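Engineer: Between the sequences and the hints, there should be enough to build the whole structure, so can you do that?
Residue numbers (our numbering), protein chains in the order written: chain A, 1 to 271; chain B, 1 to 215.
Rather than coming from a laboratory, the hints here were simulated on the basis of the structure.
As the structure is a computational prediction, the values presented were derived from the model and not from experiment.
Among the clues, some could well be false.
[To be verified] Over the 12 Å line for every Cβ pair with chain B, so calculated as not near, a few chain A residues:
#1 ASP3
#2 GLN4
#3 LEU23
#4 ASP40
#5 GLU53
#6 ASP64
#7 THR135
#8 THR265
#9 PRO270
[Claimed, not checked] Below, a sample of chain B positions facing chain A; criterion: calculated Cβ distance under 8 Å:
#10 SER31
#11 PHE76
#12 ARG203
Every residue, glycine too, gets a C-beta built ideally from N, C-alpha and C.
Okay, here's what each chain looks like letter by letter:
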Amino acid sequence: MGDQDNLDALAAHARRELEARDLRWEALALGDIDEASLRDELGEDEARERSIELFRPLADDERDAITQALLARARDPREGEAKVVPLVRQAPRWRRLLTAAAPLAAAAALALWLIPGDPERPGREAPTVHDALPTYHLEVRGGVEEQRSSAPTAARQSNRYSPDTAFELVLRPAHDVDHEVRARVFAFAEDGTGQALTVPIEVAPSGSLLVKGRAREALPLAPGTWRLVFAVGHPDALPERAEEVRALPAHAAAPSRRFWVEEYTVELLPE
Amino acid sequence: MTASPEEIGEATDREAAALRDLIRAAVAGDSRAMRTLVDMLSPVIHTEIAFALQRRAIPARRDGRQDICDFVQETFVELLANDGRTLLRWDEARGRSLRSFVRLVARRRVARIFRGHRGNPWSDDPTENDRFDYLSPPDDSQSRRLETRQQLDEVLAALRSRLSDRGMTLFELLYVEQRSVNEVCQRMNMSRAAVDTWNSRLRKLVRSLTPADKG
Numbered sequence: 001m002g003d004q005d006n007l008d009a010l011a012a013h014a015r016r017e018l019e020a021r022d023l024r025w026e027a028l029a030l031g032d033i034d035e036a037s038l039r040d041e042l043g044e045d046e047a048r049e050r051s052i053e054l055f056r057p058l059a060d061d062e063r064d065a066i067t068q069a070l071l072a073r074a075r076d077p078r079e080g081e082a083k084v085v086p087l088v089r090q091a092p093r094w095r096r097l098l099t100a101a102a103p104l105a106a107a108a109a110l111a112l113w114l115i116p117g118d119p120e121r122p123g124r125e126a127p128t129v130h131d132a133l134p135t136y137h138l139e140v141r142g143g144v145e146e147q148r149s150s151a152p153t154a155a156r157q158s159n160r161y162s163p164d165t166a167f168e169l170v171l172r173p174a175h176d177v178d179h180e181v182r183a184r185v186f187a188f189a190e191d192g193t194g195q196a197l198t199v200p201i202e203v204a205p206s207g208s209l210l211v212k213g214r215a216r217e218a219l220p221l222a223p224g225t226w227r228l229v230f231a232v233g234h235p236d237a238l239p240e241r242a243e244e245v246r247a248l249p250a251h252a253a254a255p256s257r258r259f260w261v262e263e264y265t266v267e268l269l270p271e
Numbered sequence: 001m002t003a004s005p006e007e008i009g010e011a012t013d014r015e016a017a018a019l020r021d022l023i024r025a026a027v028a029g030d031s032r033a034m035r036t037l038v039d040m041l042s043p044v045i046h047t048e049i050a051f052a053l054q055r056r057a058i059p060a061r062r063d064g065r066q067d068i069c070d071f072v073q074e075t076f077v078e079l080l081a082n083d084g085r086t087l088l089r090w091d092e093a094r095g096r097s098l099r100s101f102v103r104l105v106a107r108r109r110v111a112r113i114f115r116g117h118r119g120n121p122w123s124d125d126p127t128e129n130d131r132f133d134y135l136s137p138p139d140d141s142q143s144r145r146l147e148t149r150q151q152l153d154e155v156l157a158a159l160r161s162r163l164s165d166r167g168m169t170l171f172e173l174l175y176v177e178q179r180s181v182n183e184v185c186q187r188m189n190m191s192r193a194a195v196d197t198w199n200s201r202l203r204k205l206v207r208s209l210t211p212a213d214k215g
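Structural biologist: Okay, here's the thing in C-alpha cells:
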C-alpha cells in the first residue's frame, strides 16, 4: 500500500470530518442562533445538552479571564524575548521518581493557584485560566488482554494482570501545567474496603504522571478485582484517606476543584 | 444555519495593516487591543475546539466545557508567541481569510493537545514527554493501509500535530481542498520543486505515523 494512498485516505477523512459537522453548532458558538431555538429544533436529548454546553458562546467573564491571562503572560518579564509566556514553564529537565505516599511538599501558594485575581485591583495576581486544575485523561497499556493485540490501548476501563504482566498507566493533563503536581492512588476491594496505595509515580515537567512496572511492583495488592482511584493535583490539595475519594465521580474534578479524579479497575490474577 | 466563517473575514490592505497594528499592541500589553483580539478571534477558535471536544466528550459522557477556555487560551498563546509571530504570519494574499488561518492553527493546536504534546510553541522537537506518548507508532518503512476510522483519526491527529503552519496550509490546500499544484504554488509563492520536496517529506511523515504490519 503506497504512502500516497494513505495520504489520500487521510485527506478524504479530513473532508468527511468537516462535512459531518452540523453547522447549527457553529452558529451557536458564533452567536448567530440562540440556545432556545436550537433546543426546539433538536428536541429532547442528553447529547444535545452536552453539545450546548460546549458550543455556548464564551461569556464576558470567560473572555475577560482569557484576556487577563494573555496580558499577564505578555507582561511577564521573566520570559525574556518571548513577550507572551509559553504554557510550558521553563522547568529543569529533570524527572523525579517519587512515591504516592511520600511526604507532601512544602506549602505552596495555593490561593494564587486557585483563586482568580481582580484586574481592577492593581497588585493582585491576574487570573490565569491555566493556573486552574486541568482536565486529566487516563491511558493504560499492558495487561493480559493486550498481549494478544498489537494495538495501543486508550483508557480501557478494565484489565487483567498476572504478577509479571507489564503495567503502564499515564495520567495526562489536557494542557501542560506550570505548577507542581502529584498523585495519590487509592485501591478499593470488591467488598468496598479502601486503602492508600504506595506506588512509584514518575512526574514529567508537563504534568503528566506515569506508573510503570510489573504488576506485582506497580500494584502491590492481593489477587482480585480492585478499583484504583487516582487523585491528581497540587501536592497540598491531595486527599490522604481512601474515604475522601470513595464516592467521588471519576473523570471529573473533585467538588473542591482542588484535584482531579480518575479511576481504573484491574483484575489481578494469582501467581 | 449560517455562513461559514471561511467565507467571511476578508480584509482590505488597510484593514490588514490595522489588524497587524492591533496584534502588535496586544502583545505589547495593551489591554484594550488584547480584548479586541480575543473578541474577534475567540468565537472561531472556540468553534474549532468545541467540534473536536464534541466527538470525544459526548461519547464519553464527559463535561468538556471546562476545557474550552483552557484550549482557547492555549491557541491564543500559540498565535501570539514571539511577539505575535504566528498571527502576523497570516497573509491575506495567500488566499486564506484571517479566520480561516486561525481555524487551521486551532485545529493543529487541538491535535497537539489531544496527542499530549508539550505545549511548547517554539519547538517541535521531541521531549522527554515522548516517553508518555503511546500513540506514536514506530518509524517503520513497512507501512500498511489505513482502513479503520480509528486509525485515520489517530494518524490524522498525529499528522496535524507534527505539521507547521505552512505545512498545515499546504496539506489543506493540496489534499483536503484538492487544489492544483500550480494554484498552490501561486498562492504560497513557492516553486514547483519546493512543493514537490515538501510533498515527498509529507509522504515520509505519513509513513512514519502509519502503524506497521505485524507478522
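Engineer: Tell me, in ascending order, the numbers of any earlier hints that this structure violates.
Structural biologist: 1, 2, 3, 5, 6 and 7
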